[in-house]
Amino acid sequence: MTQRNAPVAKKRPKELVAHNDVRIDNYYWLNEREDPEVLAYLQSENDFYNAMTAHTKAFQEALFKEMKTRIKEDDASVPYKLDGYWYKTRYEVGGEYPIYSRFKETLDSEEEIMFNGNEMAEGFEYFSLGGIAVSPNNTLAIFGVDTVSRREYTLQVKNLETGEIYPDKIENTTGGGVWSNDNKTFYYTKKEPVTLRSDKIYKHVLGTPVAKDELVFHEKDDTFSTFVYKTKSKKYIVIGSHSTLTSEFQMLSLERPEEGFKVFSPRERGVEYSIFHFEDSFYILTNKDGATNFKLMKVGEDSTESRNWQEFIPHREDVLLEDVDIFKDYYVLSERENGLNQIRIVRWDGSDAYYLPFSSETYTAHVGNNRDFDTQILRYSYNSLRTPSSVIDFNMATKEETVMKEQEVLGGNFDKDNYIEERLWATARDGIKIPISLVYHKDTVLSKNTPLLQYAYGSYGYTIDPYFSTVRLSLLDRGFVYAIAHVRGGEYLGRKWYEDGKLLKKMNTFTDFIDCSKYLIEQQLTGPDHLYAMGGSAGGLLMGAVINMAPELYNGVIASVPFVDVVTTMLDDSIPLTTGEYDEWGNPNDLEFYNYMKSYSPYDNVKAQGYPNLYVSTGLHDSQVQYFEPAKWVAKLRELKKNDTFLFFDINMETGHAGASGRFEALREAAKEYAFLLDLEGKIVL
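All residue numbers in the sequence shown are consecutive under the UniProt record's numbering, ending with 686.
Incorrect hints may have been included.
[Stated by the list, open to error] As a list, the in silico PhoX-like pairs of lysine-lysine whose alpha-carbon atoms are at most 20 Å apart:
| # | residue 1 | residue 2 |
| --- | --- | --- |
| 1 | K220 | K81 |
| 2 | K262 | K235 |
| 3 | K234 | K262 |
| 4 | K641 | K683 |
| 5 | K72 | K405 |
| 6 | K200 | K230 |
| 7 | K203 | K230 |
| 8 | K235 | K203 |
| 9 | K262 | K220 |
| 10 | K203 | K262 |
| 11 | K169 | K200 |
| 12 | K158 | K104 |
| 13 | K212 | K200 |
| 14 | K518 | K496 |
FYI, nobody ran anything at the bench for these hints, they're computed from the structure.
With the hints as constraints, model all of the structure from the sequences given.
And the structure:
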């Protein structure tokens, strides 16, 4: 089979008009998910991909087994204690899904299996169990199930003592619930059925008809989403509303529930805040009054409006304050300075304050699951590009630490000393220094002929920290260098790093990635014939923009569930998530944003030129990036690209944005991606 046998989508021109500007979309008809002709076209793309890669199937299977072999099948989480029970998540050999269990008082007591994901998933192509919430008296558990992969969960309640599943069944939720103190009332979040925006908070009382549930809050602003949770102090239930730029919270005192929810501090455009309760005060993490990197404020319980907030930890220009954890005797700050995670521990009485010591430049350290309020123990995790993850219990009083678990790498003689990790700094075209974290095997010879995979995301202020991956070893051990480009649009170098890669500065994200690629080539770490790029979702947008702007730099590109039809999607407020994205990308109903989006939107800027080899993947049921975006993009690329490079489109007809749900089945998707790269490098050896 040759490239000439590639599917050709029919062209059915549709005029799209905005601001008196006419765009012709020849493939708009692919939006119709239920149309048999659309499904037939998607199947033809799958057939073409499978035929063209048939010679790699055995290698894909070998890669899958290699990746699976490294993973401890009967693995388990480090247990944590809450309300008299120890909770643990574990896997069984051969099991794709976790088993959730608990132990009363001590880990030596009899194991109580709450949920067995393997049994619950039987008969479903996709299965996700989420939002497990145990009632205050430890007898009931709310749980959510999604069997479609559109992140629409059905909530039910299980009696953990009898095993009975109560008849209460609530559709179209976010997958979690929050118990009140009476052990029969809980609050949950529902989604708008078309856009899937989380817009309503309801109250349900066990045994009453779901149709009679009380609507507690309706977030009517379609640029906001809402959620509900309970404070760690267990004194308040909190409803949050958030958009990209603005936050608002309401609180219900569980000591005085009859008073109802009260607004904590009314929303102010551009002011973000989150709240933490301790004793008789709230602590507020906020960017108010120009605190770009956030500061911590304090206010009494009874007068929580922002005019009463008092500074507790001031704003710092060079330190991003990311999170706060509250304990009885300590508070713990998660900070980021010069791109690196820092954990600062402070006694409430001010008698001690210190940072946990970390020395590498390519590590990730995060505060972990700390559900217990009255404890001296801080649980955190640590890993790096070459160091497997550890879960560590740190005694904040004695400063002694205990490694509770070290990630095991099975299937060979893994030694972290066989790998080299480092951080480099590329210079962007505007003079800004862009950090790059990279790792490679010590035996890999670095030259213009060295294969290198460059990854980035670069949106929503989401930071891709340098992290360890057993899957990635399959590339490193075959001579690949792996690099993470910390481009603007993430928060690696603070909040301004994000602000400089969004809205009318979004182009910085794309040019940063390209300039990092040029730097890696200039430093003889790779060359255009061996440089590869990878990104997913908004990172797939990055891939689409980059190959339009600088296709000559890359031999191959992987774009997973790519957001590539930016203008059309952002003009359609019926598509899930669109309205909530205006503060990230801009609202194209405004001419300035329309023109700017159009200047980089991958689909709108496909042109008659050569393109790298491409592997594009999507899920038919994706609720975040609809399948038709990559479908139209691939069709247009097939029409216009001027060279004979490979263009593969792989559609999972059963899943959505996150891909396969099984623990090991997800490895098959990684095996496909790696086989694509290794085939281009001539490194497929069985």
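Does the alpha-carbon distance linking K72 and K405 stay inside the 20 Å limit?
-> 13 Å, holds
Are the Cα atoms of K212 and K200 separated by 20 Å or less?
-> 14 Å, holds
Take the C-alpha atoms of K262 and K220, compute the straight-line distance between them, and say whether it is at most 20 Å.
-> 17 Å, holds
Hint consistency between K234 and K262 [alpha-carbon to alpha-carbon, up to 20 Å] | 17 Å, holds
Is it true that the CA of K262 sits at most 20 Å from the CA of K235?
-> Holds. K262 to K235 sits at ~14 Å (cutoff 20 Å).
Taking only the CA atoms, is the gap from K203 to K262 under or equal to 20 Å?
-> 16 Å, holds
CA of K203 to CA of K230, is that 20 Å or under?
-> Given that 20 Å is the threshold and the Cα spacing comes to 14 Å, the pair holds.
Has the given pair, K158 with K104, been kept, meaning a C-alpha gap of at most 20 Å?
-> 18 Å, holds
Agreement of K518 and K496 with the hint, judged by alpha carbon distance not exceeding 20 Å | 24 Å, violated
When you check the alpha-carbon spacing of K235 and K203, does it fall within 20 Å?
-> 18 Å, holds
K200 and K230: Cα distance at most 20 Å?
-> 17 Å, holds
Is the Cα-Cα distance between K220 and K81 20 Å or less?
-> 38 Å, violated
Hint compliance for this structure: hints 1, 4 and 14 are broken, all remaining hints hold.
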